[in-house]
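Number of protein chains: 2
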Amino acid sequence: MTEVIRIQEGVLADNDRAAEDLRLRFRESGTCVVNLMSGPGAGKTTLLERTAEALQGRLRLGVAVGDIQTSRDADRIARHGVPVVQINTGDACHLDARMVTPAADHLLPLGLDLLIVENVGNLVCPAEFEIGEDAKVVMLSVTEGADKPAKYPLMFHVSRLMLVSKVDLLPHVDFSMEAAIADARALNPDLQVIALSARTGEGLDPWIDWLLGLRDKARGR
Amino acid sequence: MTEVIRIQEGVLADNDRAAEDLRLRFRESGTCVVNLMSGPGAGKTTLLERTAEALQGRLRLGVAVGDIQTSRDADRIARHGVPVVQINTGDACHLDARMVTPAADHLLPLGLDLLIVENVGNLVCPAEFEIGEDAKVVMLSVTEGADKPAKYPLMFHVSRLMLVSKVDLLPHVDFSMEAAIADARALNPDLQVIALSARTGEGLDPWIDWLLGLRDKARGR
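So the protein lines, in turn, are chains A and B.
Everything in the first sequence is counted per the numbering used here, starting at 1 for the first residue and increasing by one.
Everything in the second sequence is counted per the numbering used here, starting at 1 for the first residue and increasing by one.
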């Protein structure tokens, strides 16, 4: 068991080096990078479709999408005229810096202002792996329940922003926004929160403003 | 990278041995074991609360609950008079046979007919680890979307039964039952399917019957 843990630490140290390389490349190319994470089906891809529409003509957006299999998410986003790279992880339950590198090779020469990396749908493992990003964002849908921050603490601890998604479904589910935010901020007092629905458009403006603000701050690096 | 893969294979082989030990112990004690898996918030704990109520007086049920942190799920289930062990995995994104062993030590002396192991909420990693179970069951909520079987293929390939949960929300979400079942059966032609809602009770009877049938088959081992 100790053996395994040592190997795992080695994997994370290797990843940190690859992530640092990516971070330098992102800075040099002036690209702000967001690592978007959630459990399966929280609505990452649908939000990215709406985000691509909202940012059209305002900044140059690119997307890298991690999935174990299929290119369904990339196909959906590409329809909105955004350059997209699908990363199939095979059996890996997360993206790491090495998997993101070929996507960066492909996308950075396009001169992007903002690159959003949609991670594999998993509230656990993606939180452990740096990918050279400016900010980690976790999305929690109201259908998943307000107990998730306490049950998946690392994810909420490392994220700068929590998106509470599918708020159009609030009348039909038992979800306490107050409890979810309180539990998440107990883990991470500085966590920002935006509640939204990609379906109704509620909360999309604050999300777009947040992205634009992050990009402006990244430019000042 | 090859190094890591070899270590991973070693981990899985070690786990298979521990799982085989568990399997023998489950047989000797006449306990049928179900490994219940899903993404975060699909409704495993709520279903187990309803299951505990429905099985009361019909068979001796025990539950082991895997979570990274908190004992919230175990506390919820224990209120229904069922013996429960909470397994906190620390940072592990799945249950393996070694983590289940102390729970078995605690629960098997109680003379259970059925032990349901609620795995960590994760559609990826739990599928790789045998825990000596009679059957793996995957739960997919209609709020997660019908594309999940194709995107998380191993989970649907290794499971005997797919529970499609939260069907009371079908009027409010875009979910094609036909597409989800077709994609899942493309990976696993023998996959059984039960659609249910722990909230309304729809589909609970077929689930209870399925459990009783599995237990009867396990008795004949």
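If you are wondering where the hints come from, they were derived from the structure by calculation, not from laboratory data.
A hint or two may mislead.
Claimed, not checked - What the simulated footprint calls covered on chain B by chain A, stretch by stretch (three residues with Cβ under 8 Å from a Cβ of chain A suffice, anywhere in the stretch; the number is not a length):
{"hint": "1", "region": "15-21"}
{"hint": "2", "region": "100-111"}
{"hint": "3", "region": "115-129"}
{"hint": "4", "region": "159-172"}
{"hint": "5", "region": "179-193"}
The structure displayed is predicted, hence computed values, not measured ones.
Just so you know, even glycine gets a beta-carbon here, dropped at the ideal spot from N, CA and C.
Hints, one by one, checked against the model:
{"no.": "1", "hint": "15-21", "verdict": "violated (count 0)"}
{"no.": "2", "hint": "100-111", "verdict": "violated (count 0)"}
{"no.": "3", "hint": "115-129", "verdict": "holds (count 7)"}
{"no.": "4", "hint": "159-172", "verdict": "holds (count 4)"}
{"no.": "5", "hint": "179-193", "verdict": "violated (count 0)"}
Checked against the numbered hints above, the structure breaks hints 1, 2 and 5 and satisfies the rest.
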